[in-house]
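Sequence order for the protein chains is D, V and E.
Residue 4 is where the first sequence starts when you use my numbering, and the numbers rise one by one after that.
Residue 154 is where the second sequence starts when you use my numbering, and the numbers rise one by one after that.
Residue 77 is where the third sequence starts when you use my numbering, and the numbers rise one by one after that.
These are computed hints drawn from the structure, not numbers from a lab.
Note that beta-carbon positions come from the ideal geometry of N, C-alpha and C, so glycine has one too.
You may find that some hints are simply not true.
As the list claims (entries may be wrong) - Quick list of in silico lysine-lysine cross-link-like pairs, DSS-like style, CA-CA up to 27 Å:
| id | chain 1 | residue 1 | chain 2 | residue 2 |
| --- | --- | --- | --- | --- |
| 1 | E | 91 | E | 324 |
| 2 | D | 293 | D | 106 |
| 3 | V | 317 | V | 373 |
| 4 | D | 227 | V | 461 |
| 5 | V | 183 | E | 217 |
| 6 | V | 377 | D | 204 |
| 7 | D | 94 | D | 69 |
| 8 | E | 136 | V | 187 |
| 9 | D | 103 | D | 6 |
| 10 | E | 246 | V | 187 |
| 11 | V | 317 | E | 136 |
| 12 | E | 91 | E | 169 |
| 13 | V | 392 | V | 461 |
| 14 | V | 187 | E | 186 |
| 15 | V | 317 | E | 91 |
| 16 | D | 227 | V | 377 |
| 17 | V | 187 | E | 91 |
| 18 | D | 69 | D | 38 |
As the list claims (entries may be wrong) - Anything over 12 Å on all C-beta distances counts as not near chain E; from chain V, calculated:
| id | residue |
| --- | --- |
| 19 | 181 |
| 20 | 218 |
| 21 | 222 |
| 22 | 225 |
| 23 | 286 |
| 24 | 351 |
| 25 | 426 |
| 26 | 430 |
| 27 | 437 |
| 28 | 474 |
| 29 | 477 |
| 30 | 486 |
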Amino acid sequence: MSKAIAEDVLAAKLFMRAAFPVMRVPLEEDPAMVKKFANLNTIVEFTAEDDENPLACHLIFLSQEKADELLEGKRFKVVQSAYVASEGWEKIQVMRFHFKDIKTFLGVLKGNGIGDMLGILPPVVKNITKKGALSFIFLLLSLTKMMPNFVPGEDQPFQQYLKVKMSLYLITTAMSVATKLGWKPLADWTAKQTDRVYQFKVGPTKDKDGKEIYPEIGAYLRVKFGNTKGGRGIYTRKSPFVLLQFPNPSGTLDVLTGKYDFVGAVSHGCVAVIGAGDSYAVYFNELMTKVQNMLIPSKYIK
Amino acid sequence: MAEGTAWNVYDALKMASKEIYGKVLTELGKENDKIVGVTADLAKSTNIGNFGEAFPERLFNVGIAEQNMMGVAAGLAKTGLIPFASTFAIFACLRGGEQVRSDIAYQNLPVKIIATHGGLSFGASGSTHHCTEDIAIMRSMANMTVVVPADGFETAKAVRACVKIPGPFYMRVGRGFEPPLHENEDFDFEIGKAINLHEGKDITIIACGVCVLQALDAAKVLEKENGVSVRVLDMHTLKPIDEEAIMKAVLDTRRILTVEEHNIIGGLGDAVASVIAQSGKGCAFTKLGIPDEYSVIGPPEDLYARYKIDATGIEETVMELLGKEIEADEDWSDED
Amino acid sequence: MPKNVTVEELKAKAKELRINIVKTTNYAKSGHVGGSLSAADMLTALYFKFLNVDPADPKKMDRDRFILSKGHSALGYVPTLAMAGFVPMDSLKSFNHYESCYGIHPDSRKISGCDASTGSLGHGLPMGVGMALGLRYQGYKDSKVVVLMGDGEQNEGSVWEGAMAAAHYKLDNIIAIVDRNKLMIDGPTEQVMGIDPIDKKYEAFGFRVISCNGNDMADVDRALTEAWENKGKPICIISHTEKGFGVKRFQGKVAWHYGAIDSDMLKEAIADIEAL
Chain D
4 MSKAIAEDVL
14 AAKLFMRAAF
24 PVMRVPLEED
34 PAMVKKFANL
44 NTIVEFTAED
54 DENPLACHLI
64 FLSQEKADEL
74 LEGKRFKVVQ
84 SAYVASEGWE
94 KIQVMRFHFK
104 DIKTFLGVLK
114 GNGIGDMLGI
124 LPPVVKNITK
134 KGALSFIFLL
144 LSLTKMMPNF
154 VPGEDQPFQQ
164 YLKVKMSLYL
174 ITTAMSVATK
184 LGWKPLADWT
194 AKQTDRVYQF
204 KVGPTKDKDG
214 KEIYPEIGAY
224 LRVKFGNTKG
234 GRGIYTRKSP
244 FVLLQFPNPS
254 GTLDVLTGKY
264 DFVGAVSHGC
274 VAVIGAGDSY
284 AVYFNELMTK
294 VQNMLIPSKY
304 IK
Chain V
154 MAEGTAWNVY
164 DALKMASKEI
174 YGKVLTELGK
184 ENDKIVGVTA
194 DLAKSTNIGN
204 FGEAFPERLF
214 NVGIAEQNMM
224 GVAAGLAKTG
234 LIPFASTFAI
244 FACLRGGEQV
254 RSDIAYQNLP
264 VKIIATHGGL
274 SFGASGSTHH
284 CTEDIAIMRS
294 MANMTVVVPA
304 DGFETAKAVR
314 ACVKIPGPFY
324 MRVGRGFEPP
334 LHENEDFDFE
344 IGKAINLHEG
354 KDITIIACGV
364 CVLQALDAAK
374 VLEKENGVSV
384 RVLDMHTLKP
394 IDEEAIMKAV
404 LDTRRILTVE
414 EHNIIGGLGD
424 AVASVIAQSG
434 KGCAFTKLGI
444 PDEYSVIGPP
454 EDLYARYKID
464 ATGIEETVME
474 LLGKEIEADE
484 DWSDED
Chain E
77 MPKNVTVEEL
87 KAKAKELRIN
97 IVKTTNYAKS
107 GHVGGSLSAA
117 DMLTALYFKF
127 LNVDPADPKK
137 MDRDRFILSK
147 GHSALGYVPT
157 LAMAGFVPMD
167 SLKSFNHYES
177 CYGIHPDSRK
187 ISGCDASTGS
197 LGHGLPMGVG
207 MALGLRYQGY
217 KDSKVVVLMG
227 DGEQNEGSVW
237 EGAMAAAHYK
247 LDNIIAIVDR
257 NKLMIDGPTE
267 QVMGIDPIDK
277 KYEAFGFRVI
287 SCNGNDMADV
297 DRALTEAWEN
307 KGKPICIISH
317 TEKGFGVKRF
327 QGKVAWHYGA
337 IDSDMLKEAI
347 ADIEAL
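The task is simple: from the sequences and hints, build the whole structure.
Spelled out as structure tokens, the structure:
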């Protein structure tokens with residue numbers, strides 16, 4: 004066994020709590036995934052060993068029928084603990100992806116090279132005969148769409164839409180989780196703030212005739228005296244403290260992939276910042292970048 | 154990246170009060186060659202520089218000399234021109250204040266004073282650049298019309314409207330990052346007429362400037378989460394103040410709360426109180442604003458929270474006034 | 077274009093003006109008589125020879141502008157306007173009376189021919205700069221803006237803000253005049269708050285500076301002629317005068333910045349003036 008450094012523990016927890024839930028997006032919206040998982044009922048458990056911070060979570064995938072029976076209609080859920088079958092769940096298949104340490108786990112998810120990615124092989128081999136193993140691997144791989152090196156062009160509107168939605172869901176939840184885990188920069192920054200919402204809003208994707216083909220995307224981070232919440236859609240209870248508004252997914256990508264830095268993006272009209280633009284929005288963006296950098300291969304960090 | 158007409162909505166939303174001012178003024182300048190501009194080394198900061206770029210021979214920069222600036226504006230007006238004079242609010246109403254009163258207001262000249270960085274919007278720069286007195290000072294000058302628009306769209310309409318006013322005009326805006334209240338320019342705006350943004354029967358919030366959006370947010374939450382029915386009046390014109398709207402609110406709701414980014418002495422609160430007191434009608438009355446002190450420094454949003462002139466502060470105050478507990482949103486679980 | 081008027085004619089007019097000043101002071105019971113008398117020659121020359129103004133069309137756009145920045149000399153200014161035909165001579169009797177158009181300081185909204193309401197010192201030159209800019213922008217290249225200031229007034233910072241701007245904008249259509257009578261309310265200017273060397277100061281601020289004896293009409297005529305032909309930068313005339321000039325009792329007296337004239341004193345004053 005080994006002891007992972009604090010940074011890696013945090014990153015691993017962020018993957019489990021913020022990145023894994025984002026799988027919901029391709030699961031529900033990518034037709035290929037919808038087909039693959041239509042009748043699949045399985046648990047996928049992830050565990051990583053560590054002297055001080057052993058980590059475990061499990062993902063629940065259920066067909067609509069089983070979901071109605073066992074989980075109040077919910078077809079996908081991420082639970083932050085090891086899996087123990089409870090009553091009624093005995094027949095549901097379990098895949099256990101076990102990693103000998105946190106470093107190996109992280110290597111698979113954000114490794115710099117093929118060597119790190121190989122860490123996935125042992126768990127894959129172990130579960131290869133299970134139903135839907137390959138489907139799950141594809142789903143896991145879809146998380147790589149959020150990596151900086153995946154930049155779908157204007158000719159791939161669906162990929163653009165997916166990437167932006169996944170990325171915004173990830174970043175809002177990751178920032179909330181990081182604060183809850185006590186990560187100092189965010190803990191300090193949110194400590195004295197009154198009830199504020201940092202809202203992302205991306206306009207719908209339209210075809211060349213102006214018809215809407217993919218809907219608007221919304222995600223927010225709400226803070227209040229150290230409390231945080233990663234939210235979906237538009238927070239309606241009050242006006243956002245900072246609204247980062249993008250015309251469409253294509254425009255959002257220019258900012259997310261770092262084609263422009265924040266200030267450049269605003270002046271190019273890629274993003275409209277409405278609200279506390281000169282103070283809080285800038286620092287929010289800095290913190291966002293810091294959190295993002297914890298979740299991508301180090302070779303992409305400028 | 155596509156540019157052009159597809160971006161218009163985003164352009165408008167991107168433009169806060171200060172930027173819209175420069176753009177609208179430039180448009181007006183094209184339509185009317187009697188419009189000129191004067192500034193005291195603040196062309197860039199107040200955005201009147203946009204006008205200056207379009208019409209370099211029509212923007213007169215007098216350097217850091219606000220008294221001269223207002224005197225020059227008066228002189229220009231005397232030759233039949235319509236000068237727009239722009240500087241920070243504190244310098245417009247105090248440094249050049251006597252000139253505003255004796256050269257401009259006393260001679261009833263058509264000078265349009267557009268004061269930027271009003272209230273606490275210049276947060277970190279401290280009290281020497283804050284202005285929590287300008288409404289009080291400008292209201293007390295005879296012949297002066299005083300407007301504090303709620304957002305960029307109202308600023309645009311006010312700039313267009315003020316050209317038609319024969320006498321002097323004072324308008325205060327923020328530093329340029331204020332979020333929009335309205336969705337676009339399709340709403341009625343008339344100087345001297347308050348805008349009823351939200352109907353209600355339990356209490357009326359009368360606000361101006363950045364506080365209007367905060368009041369509206371608070372009203373929506375109060376209604377949805379706490380069952381309190383709140384009327385919100387956007388009192389953009391401080392002088393002449395809409396007495397009718399105030400008295401209607403007094404009679405309909407019997408409780409008035411005023412909110413302003415200004416000292417509680419002499420501003421919107423006192424203007425409203427004066428109308429109510431003179432009417433002889435009783436009602437519950439509370440003022441929210443800067444409590445007659447010089448503010449601490451900090452980002453303006455933090456200052457607004459400190460002085461309870463933001464949505465949260467307004468919500469809390471209303472609930473206190475009604476003797477109720479506020480129903481806060483305490484759901485901190487991250488969504489899927 | 078200045079009119080064709082002789083120095084002798086102007087001298088006569090100046091005498092007439094001085095008599096009207098002391099008479100009006102008597103109607104008003106009291107007034108800023110010292111500074112009005114010192115500036116009387118300058119006012120006469122301006123309104124009877126140099127200024128392009130028309131009492132029948134007091135607001136014509138191409139006229140020259142005159143700003144009495146030392147507004148408290150309305151006592152000298154309003155009689156000038158009356159003599160020039162802008163207001164009825166008779167109306168001078170109401171000076172300072174309740175609801176009169178004429179008070180200690182001129183109100184441009186109530187006095188025909190008056191271009192600016194003044195009174196608070198230091199406002200005239202900035203307004204003059206504004207007028208000069210406005211006239212130039214609208215193409216009235218020949219119109220002049222004359223600003224008559226006091227010497228105590230030079231203490232006010234806003235005067236220098238105006239001067240700086242006038243030079244910066246090369247406003248050669250501005251003629252600034254300092255009525256240098258060397259006295260202010262609390263005493264001689266150089267004792268209270270010295271302004272000398274005032275000519276060097278205006279030069280340093282970018283003006284062309286000339287001097288004249290402000291109570292010698294020939295010299296006043298010479299200075300104004302030069303000023304009217306000035307080009308390139310704004311010009312300032314330092315007009316050396318004597319406060320209360322014309323009435324022996326008032327001449328050079330600090331106390332006669334402001335005073336009351338009863339009927340006996342009035343007779344004496346008129347006699348002094350006629351003897352000039």
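Evaluation of the provided hints:
no. : hint           : in the structure
1   : E/91 to E/324  : 14 Å, holds
2   : D/293 to D/106 : 20 Å, holds
3   : V/317 to V/373 : 35 Å, violated
4   : D/227 to V/461 : 15 Å, holds
5   : V/183 to E/217 : 23 Å, holds
6   : V/377 to D/204 : 23 Å, holds
7   : D/94 to D/69   : 11 Å, holds
8   : E/136 to V/187 : 17 Å, holds
9   : D/103 to D/6   : 11 Å, holds
10  : E/246 to V/187 : 22 Å, holds
11  : V/317 to E/136 : 23 Å, holds
12  : E/91 to E/169  : 19 Å, holds
13  : V/392 to V/461 : 25 Å, holds
14  : V/187 to E/186 : 25 Å, holds
15  : V/317 to E/91  : 48 Å, violated
16  : D/227 to V/377 : 20 Å, holds
17  : V/187 to E/91  : 43 Å, violated
18  : D/69 to D/38   : 16 Å, holds
19  : 181            : 16 Å, holds
20  : 218            : 4 Å, violated
21  : 222            : 8 Å, violated
22  : 225            : 4 Å, violated
23  : 286            : 20 Å, holds
24  : 351            : 44 Å, holds
25  : 426            : 32 Å, holds
26  : 430            : 32 Å, holds
27  : 437            : 44 Å, holds
28  : 474            : 45 Å, holds
29  : 477            : 54 Å, holds
30  : 486            : 62 Å, holds
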